[in-house]
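Protein sequence lines, in the order shown, are assigned to chains A, B, C, D, E and F.
Just so you know, the first sequence maps onto residues 1 to 502 in the numbering used here.
Just so you know, the second sequence maps onto residues 1001 to 1117 in the numbering used here.
Just so you know, the third sequence maps onto residues 2001 to 2089 in the numbering used here.
Just so you know, the fourth sequence maps onto residues 3001 to 3140 in the numbering used here.
Just so you know, the fifth sequence maps onto residues 4001 to 4957 in the numbering used here.
Just so you know, the sixth sequence maps onto residues 5001 to 5163 in the numbering used here.
Heads up, a few of these hints could be off.
[Claimed, not checked] Calculated pairs, DSSO-like style, for lysine-lysine (alpha carbon to alpha carbon, straight line, at most 30 Å):
1. D/K3104 / F/K5092
2. E/K4784 / A/K153
3. F/K5092 / C/K2026
4. A/K436 / E/K4784
5. F/K5092 / D/K3029
6. D/K3104 / F/K5027
7. D/K3065 / F/K5027
8. E/K4292 / E/K4444
9. E/K4356 / E/K4444
10. C/K2026 / E/K4784
11. E/K4102 / E/K4197
12. C/K2026 / E/K4673
[Said to hold, decoys possible] Pulled from the structure, derived: some chain E residues nowhere near chain D, Cβ distances all over 12 Å:
13. F4011
14. V4185
15. R4362
16. I4382
17. F4388
18. T4587
19. H4790
20. A4805
21. A4840
22. W4873
23. G4875
24. T4899
[Stated by the list, open to error] Stretch-level coverage of chain D by chain F, calculated; a stretch enters the list once three of its residues show a Cβ under 8 Å from a Cβ in chain F:
25. 3024-3034
26. 3058-3069
Honestly, the hints are just simulated from the structure, not real lab data.
No experiment lies behind these values; they were computed from the predicted model shown.
Glycine included, every Cβ here is placed at the ideal spot set by N, Cα and C.
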Amino acid sequence: MSHWIIAPVILPALVGAAIMLFMRNDLLLQRVFSLASTLALTAIAAALLWAATLHPPEVYFLGNWPAPFGIVLVLDRLSALMVMLTALLAVAIQLYAIGSDWDARGRHFHALFQFQLMGISGAFLTGDAFNLFVFFEVLLIASYGLMIHGGGKDRLRAGVQYVAFNLVGSSLFLFALATIYAVTGTLNIADLAVKAQTLPEGDDALFRVAAVMLMLVFAVKGALVPLQFWLPATYANAPGPVAALFAVMTKIGAYAAIRFGVMVIPPSTPATGTLIADLMMPAAIATLIIGAIGVLGASTLGRLAAFAAIASMGTAFIAISAFTPAATAAALYYIVHSTLAGAALFLIADLVADRRAHDRLDQALPPIQNSGLIAGLFMASAIATAGMPPLSGFFGKLLVMDALRDQAALVWSVILITSLVVILGFARAGSTLFWKAHAAAPLEGPRHEPQGLAFTATFGLLAGLVALTVFAGPVMAWMEATALSLHDPAAYIAANQLPQVK
Amino acid sequence: MELLVASALGLLTSAGVYLMLRQRTFPVIVGLTLLSYAVNVFIFTAGRLTVNLPPIIDKYANGYTDPLPQALVLTAIVISFGMTAVLVMMALGAYLEAGHDKVDMNDTDETPKGGAK
Amino acid sequence: MLDYALIFAFLCFGLGLAMNVYRVFKAPGVPDRILALDTMVVNVIALIVLYGIRTKSGINFEAALLFAMTGFVSTVAYCKFILRGDIIE
Amino acid sequence: MEQIAEILISALLVIGGIFAVVGSYGLLKLRDTMQRLHAPTKASTVGVGSALIASMAYFLVFEGKISWHELMITLFLFLTAPITANFIAKAQMHRALREEDMPKTGVGSDWATFDPELTMVQPSPTDDAAPAVAEAPRRA
Amino acid sequence: MSLALIAALPFIGALLPGLMIRAGKNACAFVTGSVTALALLLLGLNAPAVLRGEVVQTRIDWLPSLGLNANFFLDGLGLLFAGLILGIGLLIIIYARFYLSKSDPMGQFYSYLLLFQGAMVGIVLSDNILLLLVFWELTSLSSFLLIGYWKHNPEGRQGARMALTVTGGGGLAMIAGMLILGNIVGSYDLTVILQNKELIQASDWYLPALILILLGAFTKSAQFPFHFWLPHAMAAPTPVSAYLHSATMVKAGLFLMARLWPVLAGTPEWFYIVATTGLITMVMAAKIALFKDDLKALLAFSTVSHLGLITMLLGFGTAEAATVAIFHIINHATFKAALFMSVGIIDHETHTRDLKRLGGLRTLMPITFAFATVAALSMAGIPPLNGFLSKELMLEEAYHTTWAGSAWLMPVLATIGAMFSVAYSFRFIAHAFLGPVRDDYPSKPHDPGFGLWAAPAFLALLVVIIGFMPMTSAAWLVNTAASATTGEPVQAYIKHWHGLGSPALWMSVAAVAAGLILLGAHKRLMALWNATPRPEAKAMFDGLIEPFAHLSRRLTDRLHDGALTRYIAIGILTIAATAYYGFSTGTHTPGTRALLDVHPVPALGWFALALATIAIVIFHRNRLLTLVLVGIIGLMISVGFAYFSAPDLALTQISVEVVTVILMLLALNFLPKQTPAESTDSRRALDMGVAGIAGLAIAGLSYALMTRDPAFAPIADYHIANSKPGGGGTNIVNVILVDFRGYDTFGEIIVLGIAAMVIYALTEALLRSGPANDRLVAWTPDLKRAGDRHPMMLVVATRLILPIALMVGVFIFLRGHNLPGGGFIAGLVVSIALVMQYMASGFAWAQIRQKVDYHALIACGVLIAAATGIGSWFGGLPFMTTGFDYFHIPPLEEFELATAAIFDLGVFLTVLGAVMLSLASLSRIALRAGETINVEPFDIDPSEGRSLDDLDPQEAR
Amino acid sequence: MLKRLFPHPLLSLLLFVTWMLLVNQFKLGSLVLALFLAIVIPILTGPYWEDRPRIRNIPAFAAYCLLVMWDIVVANIQVARIILFMRNEDIKSAWIPVPISLKTPEAVTMLAGTITMTPGTVTADMSSCGRVLLIHSLHAPDPDAIRADILTRYEARLKRIFE
Ligand code: NA
Ligand code: NA
């Protein structure tokens, strides 16, 4: 078994601690080490992705204890994919944070960033339900720190709300896990997947409660209506790069929903049946609608981006809630796309906000620096987010729609109508920000250095979208294989080498 | 006994939730603290209630209670402690920045009361 | 005989505890409540020790020791808050 | 031997129990806070004290292992009880009582709790733990 | 490949103008033009094969799993449209070079133009309807940019948004239609779809697909009732109008109808929807055009009208009608583009497009007059020009078409439409060019340079040529295109004279005559027109969009107004509801586990806990009291843990509880001490309800769990069995924490470390200059403060208690592996001991005497823990594999050493560091708030013989 | 050297004993550890306690402890009697300022503690010059007697022990 599986967790942890210990007061050193670590993480993630593509799932038995008694890490295509996505995103965001000097506007940005990466990687790689909780907490508390990075009234107040709401979520997570353990007596995900199928009938009801609560936890993370309320204020008030990093945080909810909803308690499970699907689909549709309406109704660019994120989660969860291989594959593709697109949008929003007195959309301001360039970037990310051709968003939507042709009447019309609303919202916002600006008094916005790095980062994310579009074919082929492996987790379970139950 | 524990658990949860729904940060934090106590007890009860069977290996022991939930509770306690600490600090910061300690952001800031002027 | 004494003691300290609780609930001021809490801790310690005798195990004596410590610290903290506001300046 | 020990232990337990009840009862019965302060600081300490001694004796005699933790707890309680009492008393004075109602010290200076200017200060040091804020010596 | 290249060229080329503009406008225009020319050339190379009746194809797999592939094919129809797009595109590029003013960013313009061109070519060459969709929406986007090209012009912005909304929206509908079509046939490839007429028209999904696809086509081609966006798109620069809104984009809809004609047409649904829409559009738009004074508006509505005409012809569903449609597409493209450019010239020269301010240009701009008139006459359908030819054929078709049983409706309305178009065409000539020369033109007009009139003139020439010799000049193209459209060989016979017997002759005679009469009566009709109220398209559109946008804003802001308490309430209710749903829909058999019986003292504990919990709700406004009650609750829970065989939990719970309370007290010092009563009774009742539900749910769930045994043997059995032999410890919980699930603990201490880090960073942020800092500096205690901060008794006592407490900490740490205790509890115990010291003499006082780098403490803790884990790698074992052994160094007794203990040390250090760093941060805030640092450990020192404050500050250290 | 090793010899001794009490077993290993801690911890806490108090008269100290023990028992019986059998209105509480001549903080603290633990009295506060202790007596028909009792019975002894 290769120790590399745990590297994405240990490396950031060590670097984060080292930054704290040796270079607490030297920003340059912090930048160098933190960036180096993130790049290394990317390389490792790439290697893991490669390995996961070639080989069946690999299990890392922590403490050399056999599953399900110890904690295991599992490297399968899905976890590898998510870690890779995180790493790539992290590189871009870190470049941006450095380029825009965001990391200098408060203490401990890079240490927190590294721990954040540790938490996210840990959450993706773990094969243990309770350990998933622990790493949720790691990434959450790091995100609290990053969210209030730099301080300020609104940010702190929004931060309090963010923390408070997530504490409720964490409590729910623990209630769910405790119930699961009390019913099944296990915490190992593979073991759970096995036991869920052979649960005595009398325990169904309680297990269903546990399943619902668990999925609601992921719904909180994934900002699924009606648990989305925490997101807009948080994302709109978080520092730009942090909000961009949060683009992957919501996806953790989606990831977990897939991991458990598809692999552990698929609709074929006797105890739970279609319970989850029945609840998730309407919620997802509501989410998409609320998000789209929010994009049109957003009062600031930050909130617009936030609601776009909600809408994207709606689409992703619509696909997930179909629980078919095709839909899961579409969901995975869409998740990757919307992560990059959302992040890009937040970075661009930050570029704009940085150059304007405010980012309100109901009043035009004088043209800003590099207006043309930023307008172009905005248009590109708007196209991607709205799911217009030619960028990957369009394919994502087509894939989702194609996979859900059974519910065509409902799902298609919702997806298409919301797309129109989103397009409208972006068109209005864009013309206010970049066209109307010329109508307003031709004053100069606050002066600004070019910030080459910041732009490079943003371009990088958009380039990722282009790549996702151009190589849609092979990417989708890969996603389909992954989806199949999730819908038939035999290999995943086998890798855990569970003891034979008598 | 189980009924007593369950009812106490319910009371804790209710009190926690009620305080969480107040409009000032301080009671909200206290409410969250109570909720986390409730959670810890809940996890603990997932190992069922036993008396005088501590999970300490001992040749005279006549059985052990389920130790795993206890370990989970310990982890949960520690984590919620960290979270609470951060939240307390953020609430203080928000109060100092805003001049009031309302949790809801749907109202215009009032003039600071109490200590901070 | 020992058992009866033990039960008697249990009831006594329990009764004491009950009175403390009542005092916490109904008191003219916070200092009284702090006092009640402090007494409560003491009674709890006693109860733990009695329980140790009953179960013939000292497994919880560290807990008792820690209760004594934390009880003291928190009492002082509450009082210092009343006295000065900032308990650790 | 065992008999005597049993009698002794039982006696200790009973006495302890009685004192505990008395202490807590005083907490309810007595008139004002300062009076109530007397009850637990003494009664309870002895009450729990004798219970602890009883336990020590019990384990020594019947389990054949000497357990010193009870002794430590007892000492700890006896060490801290006066401090607790002192603080609660000060808190009560500060909260509920007025300086006028107190007897004079007889030596001119006030009682510490009521002395408005009683903190000798120095400018805060500048280091990681405490920022460079050169407050002028401030009177509380 | 070459087909894909034709489509790709403009896209690639779109990058060039931006670069070339640095080399000057001519270079820029030249490069743009040559890109288009090259594409045109490539198209030409494929033309012969197409004319021979072959179909040229290129297939590139893109997204096979979806059936979306970059497949292109070129047949007659594609050839015709691609030719139009590229040919007219070339003319537009030349024209624009001279039209755009110096201030306009030409590079951008050409880039957008090429983007649009690429998208259009893509549409007409796609052999995959999903690919077609991609290009389709791209035209919407690129036209959005072109229409809004003049950023300063608000009409431009609104026009662009309207166009994008309408056409983009139609496009989205079309996506659905195409997906349905693809699902019916089982392939998204056009060549396959076109083979399956029966399959499609038999399917139940035919009508929905038809409607959705037509929505796309009608919006794009500005058919009634979606026509309103087109006139507003005229805010665009004239070259754009000429290109997009006459020649190409608006024809995309027509193209699509023609493209799918073989499989969609021929059904009554098709006839009634398409033909009727076309007819209405033709007549209505033509009428409006007559009353537009803005030349561009006039042309815009005439375009709409002609598009309606073509739609109608396609709607007839006969091969003949389709052929006429194709022919008119060609003719309309020629004369309408020419007219737009002429208008552009007039605008360019006279700085106005208002017919009321024009007239008499005939003598001032003779050249323009010449080709504009030719084009206009063709538009009016005056022989022998090409417009006449296609109009005659149209009337002929209309004459032979019965609509819902009435034979006369079609011909009559068609004639009326023709009449209006005669009228506005003549008005265009008469009111712009004829009449006396005026002296009040906004600017002195004269014919422009060759560059500007070359393109329109050339088109006018085509109008004439096709007009005079249709068979030689156009028939071949019409035939191939029509054959491709209808899927059957078509031979068009286009001639001017059909004999006196042909009804079309009399219909057009009537139309011309009536048209002239209308023109004559124009003044009075205009007055009448202005008098009659009519729906204003833009107003209606805005009336639709603005309220919706406003509503969205309201809804969004109302829902997400930052009312956290409501969010949480909703969340909790959702959780409870869904969880209950899950429970009630599953089978539940109550547990049979033997219950513990209740003893009086535990019951008393329950009573204490319950009472304190209720009290905390009642007294929660008194914050200090709240914390006291929290203390009681924590104590009771801790005792409960001790009673229910969880000594470790008892220890942890009580220590955590104390530290938490102390942190809260520290914060409370700066917060209001009272919580105002601000909730209404109803709100309280509501919250009570929510709280009650939550409590009941949790109580019920936990009871259901406690009273049953797990369905499977819990994994903990393994932990019990292997704690000593495998983990080397008898305290199973601790072994789980540092060994079985040590990885959890690793994450957990990192959470603590981060928490402290966050608190530190936040403090830094607060202490920076800003409102928070100002408030702190101006802070005055809101409570009366006692005289002495550091009573002597406590200090002296602490001098004994601190060392003892530290000892206890060490003790608890060392025994943790085998008995209740461990690194975490030890860390808290030591922290509490230090807190005691700080309360005695003050944090800063202690700081000065003993500096500890808490960051380092935390970091070291984490690193030590991690290092212990990594250490096992060197044994080739996985992360955190622990080892232990028993050692015997005489004369000492045998003792055990476990790597887990080192890990636990990491835990210890992290906990200690975290708590201390948090306290340090809070004490920094206190210092900023004006708190001061004492010199002596306690305020009153009897040995001094006098109180310290008699000294002056200098004397103190 | 030895002074550096044992800044507070008495404290070290106390800690040594404490450890043995804690580990509850008399083994060589424990002794070694106890010695180690008895050295290390005082050095760690040394900064908070620069001056070392010296007990000049150990036997007197021991005697004093026994005396206090006895008094505590007596005191409790008295207080119990007051609580149980005296009607509230008969209880005559009083504030009694007690001027003291002790100087050593440790001694003063000890006295204050003793007062709190013994007959119906609690040390409530101290004058800001450190010369007078404020004592609250639960039932003081004759305050001066109590004051005198404190001074003779305890302060005098403590003076002998500490100064
Ligand atoms: Na722990
Ligand atoms: Na743990």
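Of all the hints given earlier, name the ones this structure violates by number, lowest first.
-> 4, 6, 11, 19, 20, 21
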